[in-house]
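Novice: In case you want the letters, here they are:
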Amino acid sequence: MITKSSGVKAAAVCRELREAIGAVKVMDDEITLVTYGRIRHGFDVMWPFRKPAMVVFPETREDVVETLKIANKHKFPVTSVGTAAIFLGTTEGGIILDQRRRDKVLEVNTDSGYAVIEPGVSFDKLTAALRGTGFKCSVGTMPGPGTVLGQALSRGSQSFTTHYLNVILDLEVVLPGGMVFSTGSSHFPGVGSHLRYGPYPDLAGLYTCAYGAMGVITKAAIRIHPVNEAYRVNLAGFDSYADSIDYVKDLTNHNIPEHTIIWNWHMYMTWPLEPKDMKTVMPGILASDFREPPEGTPYNLVSTFFSGYPEQVELYEKICARVAEKYHGRVLPAEEVDKRFPATGAGFRQQYEDFHYRESVHWSKGRFAGWYVFAEPKDIKEIEKYAASEFSKFGKAINPVNYYSHPFDYGRSVLLRIAGFPDPADIELRKKIAAKFEEMYDTAMKRYGAVPIRPTGSEKAGTYIQVLASIKKALDPNNILNRDSGLFEEGDL
Amino acid sequence: MKLTAKLDDVQAAAARCLRDGRCTYGSWPENRTLCPLYQHNPSFTFSGGGYLFLILALQDKKIDFGASVAEFAFSCAGCLACDANCNLIRCYQPYAGITDIIRLLRSEAVRRGLVPAGARKVQEQVKSRGHALELTGKVAKANSILFAGPETDGAAIKLLEKIGRPSARLAEKGYSLSTIYELGFWEELGPFVEAAWAKMKPLKDKDFIFVSPHLQDFIVNRFPELLPDYTPVNARHISQVLAGAFRDGRLKSKNTGNVKVSYHDPCYLGRGLKIYDAPRDVLAALEGVELVEMARNREDSFCCGAGVMGDYIPGLSEDTARERLKEFEATGAELLVTACARCREAFRRVMPARERQRVRDLTEFVEERTQ
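Here the protein sequences line up with chains A and B, keeping their order. Just so you know, we're using my numbering here: the first sequence kicks off at 112 and counts up by one. Just so you know, we're using my numbering here: the second sequence kicks off at 434 and counts up by one.
Treat the hints as calculated values from the structure; they're not laboratory data. Some hints here could point you the wrong way.
List time: in silico PhoX-like cross-link candidates among lysine-lysine, alpha-carbon distance up to 20 Å [stated by the list, open to error]: (1) A:Lys450 with A:Lys504; (2) A:Lys450 with A:Lys547; (3) A:Lys390 with A:Lys360; (4) A:Lys162 with B:Lys634; (5) B:Lys574 with B:Lys560; (6) A:Lys215 with A:Lys120; (7) B:Lys595 with B:Lys494; (8) B:Lys494 with A:Lys387; (9) A:Lys162 with B:Lys687.
Just a sample of chain B residues kept apart from chain A, beta carbon distances all over 10 Å, derived [stated by the list, open to error]: (10) Pro475; (11) Pro599; (12) Asn667; (13) Lys693.
Being a predicted model, the structure only gives us computed values, none of them experimental. C-beta atoms are modelled at their ideal positions from N, C-alpha and C, and glycine is treated no differently.
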């Protein structure tokens, strides 16, 4: 077991690092250290304050290699972070490796359909780089300034995941000893990143949801998708989640959506708000019961993005209308959406048609408290009822209660992410919510066969974690990567 | 923001920061870096969010409020880029932008007697000039009041005479009101604001024409927060008046030779007052003048660095001006025109003496090129 780094050791590491990669890339002034001391998900007193000994800003892969080699030599902890939220805590007295300065889009391959990016590339940067190339990337639920890789590695919700589980094709990884390797086809000299694995096992999987514990990612190839001649964002309204799921499954089974998401009414009303709407739309939402939308307001909206030749898109629209009716819903014409939910319509257009991410000002209501699970379609219907019932017990204090839900891998698994926004200062309520979430995960796993999207405690994962721990020990024998997080603790937000 | 606000009052708003860096860069799809601190040193710390987290760390007693915190607080250029791009913080009580929250941090430094040398020097200059507003000219006959400081008002007066607009002057010795607000000397500001308003109130039936964007922004955007009896005044920037005069033919251009110019949007005229078109309309109305834009322009303009008063990053103010001048040089323009005396001086300060006349004030430039 490694003991916590001492001040003397930190000074030696800092000195060596400055010599190796340059002084301007290694910051250890007090203001930098305290502002990086609680970066996990905003400066939140609910999470421990862990002041690093230094923050390193690599500008090249070699800077990362040198940093890890020096840290490994001194058995000094390192946590790799990007911009926006991270899912694991940092390490007291360690190095925070902030890769924000590595933000180049290295390649856009429009033949195969992938982009090679550095870890600091944000969604905004990538979507801007893809403009005019005839390709688009996933639309996440992250803010535009959030990093593509940060979300991909945590397998966050993204558009186009209707057709697969993850956007990652290939990763370049640096191990604590300084070894660099690629997980996909670019491992072979002169070969591009078009193939995730083969002829050997899928190593990218080892780094997905590993939160930097198995190595530091320095480059990634991610899927991009052609912008077709015609496209639409079709919105259909339903009065029940079960009907929404049946609709989504039906469309997915018929290969219609490139992407589809179910939104509850609190979410579709508040997610795309402009600042001015916080004083007009939001008060009504805060005073409402999320289970009971006003008369005429659909409980769920399903956004379905599809594209192709114009004739194909026209046909898909007709099919959506017919299938929606089959499941007791109806397609909402764009004019109706603009009239009744103008912010919602504008938000969808901006996000799905222009790939420009909406700023989520509804987050100003409170501290995000989210509960996420995957389940099979039949089970997710029950889980939604269960989660809604449990969330309703907190009353309006956590409004808006926002959820979205969408299929991965052609609907083999469906995600439900439900969140409330309690007052950050109401620690008692937030503790109650955290305890409730634990209970809900247990119940959802046991009763409904749910799988949490974020780590919820290694004891639940049994031998899976034992195998991972063995791999971790082999790759990181000095346990310098994300040390305070154990392997995958502290994952739930 | 109330002048009596304390750091406690912004703690909850600061805690809303998602650390996503939206405060550092401009609009999609260019996403150009706009925050001078971040441009100089890309790090979460050196961003609007970094300031918010510092305030939270201070409140959480993770760091003492010492001289380095004060230097840091005064190192923000106050360019409003964070406010233009992050709406999350201002959507929560006290509904203040990040820049105002940083000013509150400065005011706390002032309250503790921790004023960096650069800021102290400016404050002493302001103090020596005094805060009083002096009304001159034939007020009864005037249909407008030129609200002007000493640096650029000469050209403005001549231009108003050219367009036959009778004006009196409400002269401020320096930019006292806005300067002491921006520097965080809030405890001494209240009486001066009230005195200024008392002078302005009887003149409310007239147009107030501003040369300084800082002063106009302060009066238009801050007086409503600071004065319980404030009612809006008809405030216009000199560039808007000139653009109108060109349109209706009261001001005529004379061709004194062809010249290619670039226009630097001052932060407070642009992001503060949202006046982007008028200066460009004025330049477009001048014969022989070709306007070429810098890569960062309008709401995505980059600051001149004049507002940096702290020394947490040595040379930040000058480096910021140089960064902007590089962008100007890339346009191939001969002259850089701006509409703020602070910007003009910030650029000239880092230029060789023989080059300084390449930076021109809009009113001076227009005065020279009109009949």
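Novice: Confirm or reject each hint.
Specialist: Quick rundown of the hints versus the structure:
1. A:Lys450 with A:Lys504: 33 Å, violated
2. A:Lys450 with A:Lys547: Distance of about 39 Å is beyond 20 Å: violated.
3. A:Lys390 with A:Lys360: This hinted pair is violated, its Cα atoms lying about 37 Å apart.
4. A:Lys162 with B:Lys634: 53 Å, violated
5. B:Lys574 with B:Lys560: 33 Å, violated
6. A:Lys215 with A:Lys120: 33 Å, violated
7. B:Lys595 with B:Lys494: 60 Å, violated
8. B:Lys494 with A:Lys387: Status violated; Cα separation ~35 Å.
9. A:Lys162 with B:Lys687: 64 Å, violated
10. Pro475: 5 Å, violated
11. Pro599: About 39 Å separates Pro599 of chain B from the closest Cβ of chain A, which puts it past 10 Å; holds.
12. Asn667: 24 Å, holds
13. Lys693: The claim stands: Lys693 of chain B keeps its Cβ more than 10 Å from every Cβ of chain A (closest is about 29 Å).
Comparing the model with each numbered hint stated earlier shows that hints 1, 2, 3, 4, 5, 6, 7, 8, 9 and 10 do not hold.
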